[in-house]
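K.L.:
Residues per chain are reported as follows:
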Amino acid sequence: MPTYTSMNPLQLSCFTLTTSLGAGLDANLQALQHQRSGLAPCTFETVQIDTAIGAVAGLDAIAMRSDLSAFDCRNNRLAQQALTQDNFATQVHDALAHYAANRVGVFVGTSTAGILETELAYRQRDPQSGLLLHPPRYRYSHNSYSSADFVRRYFGLTGPAATISTACSSSAKVFATAQRMIDADLIDAAIVGGVDSLCLTTLYGFSSLQLTSPQPCRPFDAQRDGISIGEGAAFILLERAVNSRTDNILLLGVGESSDAYHMSSPHPEGRGAQQAMQAALARAGLTVDAIDYINLHGTATPSNDAAEGFAVAALFGARTPASSTKGATGHTLGAAGAVEAAIGALALMHDFIPAGANTRSVDPALPIDYVLENRRQPLRHVLSNSFGFGGTNCSLILGKSA
Amino acid sequence: MNDTTRATARTTVPTTLLGAWIEGVGLLGPGLASWQQLSQIVRGIEPYCAARTLLPAPTLLPPAERRRAVALVKLTLATGLEAVAHAGRDAATLPSIFTSSSGDGQNIHAICETLASSEREISPTRFHNSVHNAAAGYWSIATGATAPSTALCAYDGSFGAGLLEALVWIATEKTPVLLLAYDVDYPAPLHALRPIADAFCTALVLAPERSTNTLGYIDAQLTQAAPTSATLPELEQLRANIPAARCLPLLELLAARRAGSVVLDYLDDCELAVNIQC
Numbered sequence: 001m002p003t004y005t006s007m008n009p010l011q012l013s014c015f016t017l018t019t020s021l022g023a024g025l026d027a028n029l030q031a032l033q034h035q036r037s038g039l040a041p042c043t044f045e046t047v048q049i050d051t052a053i054g055a056v057a058g059l060d061a062i063a064m065r066s067d068l069s070a071f072d073c074r075n076n077r078l079a080q081q082a083l084t085q086d087n088f089a090t091q092v093h094d095a096l097a098h099y100a101a102n103r104v105g106v107f108v109g110t111s112t113a114g115i116l117e118t119e120l121a122y123r124q125r126d127p128q129s130g131l132l133l134h135p136p137r138y139r140y141s142h143n144s145y146s147s148a149d150f151v152r153r154y155f156g157l158t159g160p161a162a163t164i165s166t167a168c169s170s171s172a173k174v175f176a177t178a179q180r181m182i183d184a185d186l187i188d189a190a191i192v193g194g195v196d197s198l199c200l201t202t203l204y205g206f207s208s209l210q211l212t213s214p215q216p217c218r219p220f221d222a223q224r225d226g227i228s229i230g231e232g233a234a235f236i237l238l239e240r241a242v243n244s245r246t247d248n249i250l251l252l253g254v255g256e257s258s259d260a261y262h263m264s265s266p267h268p269e270g271r272g273a274q275q276a277m278q279a280a281l282a283r284a285g286l287t288v289d290a291i292d293y294i295n296l297h298g299t300a301t302p303s304n305d306a307a308e309g310f311a312v313a314a315l316f317g318a319r320t321p322a323s324s325t326k327g328a329t330g331h332t333l334g335a336a337g338a339v340e341a342a343i344g345a346l347a348l349m350h351d352f353i354p355a356g357a358n359t360r361s362v363d364p365a366l367p368i369d370y371v372l373e374n375r376r377q378p379l380r381h382v383l384s385n386s387f388g389f390g391g392t393n394c395s396l397i398l399g400k401s402a
Numbered sequence: 001m002n003d004t005t006r007a008t009a010r011t012t013v014p015t016t017l018l019g020a021w022i023e024g025v026g027l028l029g030p031g032l033a034s035w036q037q038l039s040q041i042v043r044g045i046e047p048y049c050a051a052r053t054l055l056p057a058p059t060l061l062p063p064a065e066r067r068r069a070v071a072l073v074k075l076t077l078a079t080g081l082e083a084v085a086h087a088g089r090d091a092a093t094l095p096s097i098f099t100s101s102s103g104d105g106q107n108i109h110a111i112c113e114t115l116a117s118s119e120r121e122i123s124p125t126r127f128h129n130s131v132h133n134a135a136a137g138y139w140s141i142a143t144g145a146t147a148p149s150t151a152l153c154a155y156d157g158s159f160g161a162g163l164l165e166a167l168v169w170i171a172t173e174k175t176p177v178l179l180l181a182y183d184v185d186y187p188a189p190l191h192a193l194r195p196i197a198d199a200f201c202t203a204l205v206l207a208p209e210r211s212t213n214t215l216g217y218i219d220a221q222l223t224q225a226a227p228t229s230a231t232l233p234e235l236e237q238l239r240a241n242i243p244a245a246r247c248l249p250l251l252e253l254l255a256a257r258r259a260g261s262v263v264l265d266y267l268d269d270c271e272l273a274v275n276i277q278c
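Residue numbers (our numbering), protein chains in the order written: chain Z, 1 to 402; chain F, 1 to 278.
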């Protein structure tokens, strides 16, 4: 094991969240507090797959800000919707007044960006040349950087930026990049987040791997049989923590690792997952006993949950309450890290542990304290896991200042 | 959460300088079979001869992965191993930063063709190869590297984004790190939208301290100055046409063992001013 020095905490100065549960923090909080799920049978586009999805309502009706119309695609519509709600943009603009425009970073996680535009364009090709008759604006939709570029331009920033695209850990790892850049004094603040939207590549891709469930997904259930794909966006303004603030939501630790095992299956004992959680704990200077709730990656595939359950049990035993909120939101893929960080922050602010929706009977082979009914209790520290194809792992620890 | 108190409040802009020791370089590109060959060309010992990029077989991968290895996996494995060997490091111990302007155009073309057909079931291998971190995943499997690894995209500035990420890693984590910047060609009809004509990859092993393998010292900071061209016209053509080759002004200095300053392509309104000391 490498040795880790503890990191300087950052504060989540403001944040916003859209999932299939609803647009904005209140809608998501209400749904989680009432243990509602946003999953429904798939009617997306022309997709013919017997599965449930977590779709965000109303994206087709969203008009892009006029100066950003080149970015028009489902993914950037979802991003823009998130930026304009929860007073997020206003609070970011207030913060930006304190910083030079090139000292604020933008790091966004996505797995498929606006690839949907290209998928649809391939349906209309010139029979002779094969050229796309209605080509997408590649740079502003298909290319992975379109997601970070959109946010950077939305706020008129001129500092460092990148899209991080490591499959389903993408928008957890944005916190690591931002934290290092602030620590290196390259930037003073960062807008981080994740946005991923429904497209045919992921729906048919996970279906071809036989990883989509025919019903709303049931993480950690003995009868779990695959994922429900969702879409979502979450954005967070990260700044150096102000020690005097109380009830501040803090980023205390980030841990990253690689499985070095298989492209689409996790290490069976969750080796990389354990390393990521241990690294996050070491960075936060915390022991396992300090964690009050674990928001699991919990995709509901048999092998993913088995590996993560093994890893969590090995480190925490059965004493730490844990759940996956993907039964409520669906798996928002590249947005999952930021979406679940936002859910972790809501749990800390409102002192509740969200139950795992849809799960009925916890797999007895996974000996952890999987939460089936919401619990109201004071929370100080939340750990959130995100793991992805290629064996990429990232764990975040959020805390509440005393 | 509306408290506007800020831990730091600045209106002036300090220019944070980030630095590292370069221990090893790997290179593959059109007419460029290795870092050694680029060095020979830059020093005028041999001429540049245009040719398609040659992709070595990925012998380090287990047989199943080897069979499924696509161009960008062969490209990044060979280049990364060349840099790690020069640095005298063990690949299994190195964290890695992968950066690509456009991912795998061949693969996404095949997926989009299938999705536009009446039989939409795409191949499972194509699907898991479609993630932007596919090269990073295969690298970790081949080398047994369990350290953190990331996969970035910043469009044409992806090399700059990767270099900055690596220098920030050195500044904060204070361990050696491997940077891999690569692009592969885009086939028609996507080629009309993203005209990348051939594969290019460079790998750099960067370290926080000088070692016996040190080639030079690099430092960088953000600038608004315009990016520098490559000196050799043939290399400038590569630099202009393949985003991963935006590293070439830096590699020219390093290959010539010449101290100097260049500006590398990064983002709109934000480039990277780089100094090399050899």
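Read the hints as simulated data drawn from the structure, not as lab findings.
Yeah, the Cβ is synthetic: ideal placement off N, Cα and C, and Gly gets one too.
Do not rely on the hints blindly, as some may be mistaken.
Claimed, not checked - Chain Z stretches covered by chain F per the calculated footprint, using a threshold of three residues with CB under 8 Å from any CB of chain F:
1. 101-115
2. 176-188
3. 205-218
4. 254-266
5. 384-397
Claimed, not checked - Covered stretches of chain Z (in silico footprint by chain F; criterion: 3 or more residues with CB under 8 Å from a CB of chain F, positions within the stretch not fixed):
6. 70-82
7. 318-327
What the hints assert, rightly or not - Have a look at the derived ranges for each label pair, beta carbon to beta carbon:
8. Pro-127(Z) / Arg-257(F): 21 to 31 Å
9. Ala-85(F) / Met-64(Z): 21 to 31 Å
10. Ala-57(F) / Pro-135(Z): 46 to 56 Å
11. Asn-213(F) / Pro-127(Z): 53 to 63 Å
12. Pro-135(Z) / Arg-257(F): 12 to 22 Å
K.L.:
Run the structure past the numbered hints and jot down the numbers of the failing ones, going up.
P.N.:
6, 7, 8, 9, 10, 12
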